[in-house]
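Sequence lines, in order, name chains L and B.
Its first residue numbered 0, the first sequence is counted upward by one per residue in numbering that gives the first Met the number 0.
Its first residue numbered 0, the second sequence is counted upward by one per residue in numbering that gives the first Met the number 0.
To be clear, the hints were calculated from the coordinates, so they are not data collected in a lab.
Since the structure is predicted, the reported quantities are computational estimates derived from the model, not experimental observations.
One or more of the hints may lead you astray.
So the derived list for chain B, only partly shown, Cβ under 10 Å to chain L, looks like this [what the hints assert, rightly or not]:
#1 Y40
#2 L41
#3 L48
#4 D75
Yeah, the Cβ is synthetic: ideal placement off N, Cα and C, and Gly gets one too.
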Amino acid sequence: MQVDRLAAGGRIDRGRPLSFTFNGKAYQGFAGDTLASALLANGVRLTARSFKYHRPRGIIGSGVEEPSALVELTGDDASANQPATTVQLRDGLQAKSVNCWPSPVVDFGSVNQMISRFLPAGFYYKTFKWPNWHLYEPSIRKAAGLAAAPQNPPAGGHFENRFGHCDILIAGAGPAGLMAALVAARAGKRVMIADEGREAGGSLLNRRLTINCRDAAHWVAETIAELNTLANVTHLQNASVWAYREHNYLMVTERTSDNPSLIERNWRVRAGHVICATGAIERSLVFGNNDRPGVMLASAAQSYVNRYALRPGKRAVIFTNNDSAYAVANDLATAGVDIAAIVDSRNEVPREVRATIQETDVFAGHVVTTTKGGRKLRGVEVAPVEGGKSQQISCDLLAMSGGWNPAVHLWSQSRGTLRYDDQLACYVPDQPAQASSSVGAADGKLTLKEAMKSGADAAASLCATGPAAIPQSDDIDYSISPLWRVEQAQGPAFLDIQNDVTVDDVHLALREGYDNIEHVKRYTTGGMGLDQGKTGNINIVGTVALQKDVPLQDLGPTTFRSPYTPVSFGAIAGIREGSVVQPYRHTPITEWNLDRGAFMYEAGARWRRPGYFPRDGESFQDTVNRECRTVRNGVGVYDGSPLGTYELKGRDVGRFLDHIYSNIMSTLKPGQGRYGLMLSDDGLILDDGVALRLDEYRWIVSTSTGHADAINSHMEELLQTQFPDWNVFITTVTSQWNNATICGPRARDVLAALSTDIDTSSQALPFMTFADGQVAGLPARVVRVSFTGELSFEINVAPRHMRELWAKIMEAGAPHGIEPIGSEANHVLRVEKGFLSLGHEVDGTVDAHDLGMGWVMSKKKSDYLGKRSVNLRREGEAVRRELVG
Amino acid sequence: MLNIPCPFCGQRNESEFAYGGPVKPDRPQPDKVSNDQWVDYLTQVPNPLGPVEERWWHVKGCGTWLTIWRDTRTHDIVEEPGDAG
Ligand SMILES: [Zn+2]
Chain L
0 MQVDRLAAGG
10 RIDRGRPLSF
20 TFNGKAYQGF
30 AGDTLASALL
40 ANGVRLTARS
50 FKYHRPRGII
60 GSGVEEPSAL
70 VELTGDDASA
80 NQPATTVQLR
90 DGLQAKSVNC
100 WPSPVVDFGS
110 VNQMISRFLP
120 AGFYYKTFKW
130 PNWHLYEPSI
140 RKAAGLAAAP
150 QNPPAGGHFE
160 NRFGHCDILI
170 AGAGPAGLMA
180 ALVAARAGKR
190 VMIADEGREA
200 GGSLLNRRLT
210 INCRDAAHWV
220 AETIAELNTL
230 ANVTHLQNAS
240 VWAYREHNYL
250 MVTERTSDNP
260 SLIERNWRVR
270 AGHVICATGA
280 IERSLVFGNN
290 DRPGVMLASA
300 AQSYVNRYAL
310 RPGKRAVIFT
320 NNDSAYAVAN
330 DLATAGVDIA
340 AIVDSRNEVP
350 REVRATIQET
360 DVFAGHVVTT
370 TKGGRKLRGV
380 EVAPVEGGKS
390 QQISCDLLAM
400 SGGWNPAVHL
410 WSQSRGTLRY
420 DDQLACYVPD
430 QPAQASSSVG
440 AADGKLTLKE
450 AMKSGADAAA
460 SLCATGPAAI
470 PQSDDIDYSI
480 SPLWRVEQAQ
490 GPAFLDIQND
500 VTVDDVHLAL
510 REGYDNIEHV
520 KRYTTGGMGL
530 DQGKTGNINI
540 VGTVALQKDV
550 PLQDLGPTTF
560 RSPYTPVSFG
570 AIAGIREGSV
580 VQPYRHTPIT
590 EWNLDRGAFM
600 YEAGARWRRP
610 GYFPRDGESF
620 QDTVNRECRT
630 VRNGVGVYDG
640 SPLGTYELKG
650 RDVGRFLDHI
660 YSNIMSTLKP
670 GQGRYGLMLS
680 DDGLILDDGV
690 ALRLDEYRWI
700 VSTSTGHADA
710 INSHMEELLQ
720 TQFPDWNVFI
730 TTVTSQWNNA
740 TICGPRARDV
750 LAALSTDIDT
760 SSQALPFMTF
770 ADGQVAGLPA
780 RVVRVSFTGE
790 LSFEINVAPR
800 HMRELWAKIM
810 EAGAPHGIEP
820 IGSEANHVLR
830 VEKGFLSLGH
840 EVDGTVDAHD
850 LGMGWVMSKK
860 KSDYLGKRSV
870 NLRREGEAVR
880 RELVG
Chain B
0 MLNIPCPFCG
10 QRNESEFAYG
20 GPVKPDRPQP
30 DKVSNDQWVD
40 YLTQVPNPLG
50 PVEERWWHVK
60 GCGTWLTIWR
70 DTRTHDIVEE
80 PGDAG
């Protein structure tokens, strides 16, 4: 039963009822509801237990500011720790409270309340510091009880990323953002407007105001309709601008779209200019037991009664230090809520504000000191702000307004500066750091008229159009007198409701010497919850300011960091998950390998290579041993295609290679090759490989598979930055050549059986030479190198010929017992021969001498990369490790 | 994500580039410097609070190694600072 739902009004669709469950119990709401509004409509007030003390908690806000009502979604779209105020209701939604077990009504963890005086700020750090915090952290986190990450990925759909480009990005589609969009779009700018709400309108959706003498909703609808006809406008709803990075690069997560298979889309937007029209967020007030279910932000109560057509209480007390709550009292009264009293901490209430609410008791110069009730609010204690006798007023709703904070989060992330505005008692944008401006409530323009004008003016100045016409609107002025905390509060007065941080905790932190505002934050954890202290942070600053007797301008808010609101990892990753992150690279014989039962794995640089080829029932070790024996005693073949291959052309290649290799390459004759080491200039080994000289000016450099890209970068950087006048051109030909390497004592027999016009005798084709010709009817380059230490012929062909070559090798080699060899056997064979094994002996700390390879260090060359450093290191007496055996 | 000006491709996203680090002084002639000077050359990398000259490789673009001046406090890409002398 939606006992607290109003019969008419609101932006919900009573024709579309939606069923959902909360803590296992079935309820019904309407399309247009959030989970929070649906729960309130059903009379549910107790929704969660608090993080540390397991105190009963209800719904406090109506949007992203919600500090209290966190839920875990279960079922198909499982998700942890969502504010109930931002979960859009859908049919079949399943939600449960966090921080309590088994339920918020019966919660065993609430025993923490009894010992709360033993759990002050810093308690965990102080108590669990030996031997170290990390030993205790997991179980403390578990007891703290925020929901765990879901076990499984979403049942259906996917996430995606998309780039966006625009002249002007407008964050927020409230009155100021819409005015800015309208002016910029009419001037022909490429405009992107993104708003976190389900529908555009911002604060206008929650309030009862008129524009051009009609319900403001008409103006919103007309404006959106016009924007949507313009091709130069991209309009996103359900889209949070959550990060403002350098060079006007912003992140926008769009949660729903026309595509049902798309869960979320993260836009990465590069904007010419950014207009922050992010509105303002109401502050809570800080008094005793200000966390009891039934205590709510005034703006939230207003939203629930106007937008969601529900009564958040039957009898309300309004507690405020500013004018905006009077309109809330009016709206609640209109909906039939009995207004018991308005408690205003100011001694003087502006007459025109007082006049808006005629028949209600206004307790000027009074404060709420504490609330009464158990799991539900039953009344408040009210006393004069100067001290004196208190009285009790019964109520089931306390709507509080501590004033308004411009949502400067994005502005501040962009490194725009803030200043404290004494008149408005809040931090407002000061100097921009990038091409950005702030408009509307986000800029401290807290009345509708000012907000619309600032949006229009900002866009007009960007577009160099004349001043735009501003629609007429009704709104009363705003004034405030700050109240950072109620001094005579009785009971815990929470500054950060999500993290259970009280005024006492902040005072304790100050006493213990943590008096920098960033230290107070970390020591008390105030503002470090999922809500990032949107309703409470400035009260913390105010509380510190009062205690230290310094102006707020000198304290400053803590640094605002992205994300503005929680973002799912899926949205950030997009489709880049699993093998899509970086696709694997395959050679043309991958299928053959798989058919043959190869165990495939990544062998550097995303290449999938066969590790070994087990026969039925053969163990890993037996397989590797057999493959090694095949090469030592008979003949094996492996696919060497993934080796990095670069063709270097130009007059200065020889000279260049002499610089980057430790040995001399320039003396090679065409047709010859040489093994060499590349060192970095600090004398450590970068890579090893073979250089071949094709002719006077053409060379092939081969690198290890894993370092191919790094060597390419290394060579290009040297050529472009240090030797720009050297005549060397590098072409990556790794994928232009594949090779099958036949190795073992019978390798020459197999090559003969393949039929080739190349003379493969050791006189005609000695070690470290190569020849071009035909092999098995295919154009090929045969190179006599040896990776395994056995007689080897590396047969290089074009990739389109690789499968044919491979098949012919297996056919011609069959009488000789040829077997395919995986990477594992290759490594074993190399190590057995005492050859260098990159990544094993070479770990970035050794030089060639350490490896018994001093011979590769040229003594003839006066200079090459690494020479000076190797010599320097060996000049001293220091003992170095040496590879032996 | 920086917006890096490539002399050939124009303004491109940082994700198209590989970072090449701050520009070090020119490599000295190894046989013309003392041990200490050589070690300094290898290990002393400019790390100013303010504009730093650094290299980027447009590896997913045209392949150019380019140089920019970036203010490490703001990420702003700035003009080469004038000669103080
Ligand atoms: Zn480029």
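Going down the list of hints, with the structure as the test:
About 8 Å separates the beta-carbon of B/Y40 from the nearest beta-carbon of chain L, less than 10 Å, and the hint is met. Contact between B/L41 and chain L, as hinted, is supported at the beta carbon level, the nearest pair being about 5 Å apart and thus within 10 Å. This hint is violated: B/L48 has a C-beta 15 Å from the nearest C-beta of chain L, more than the 10 Å allowed. Restraint check, B/D75 versus chain L: the minimum CB separation of about 8 Å is within 10 Å; hint holds.
Violated hints amount to a single one, hint 3; each of the other numbered hints is respected by the structure.
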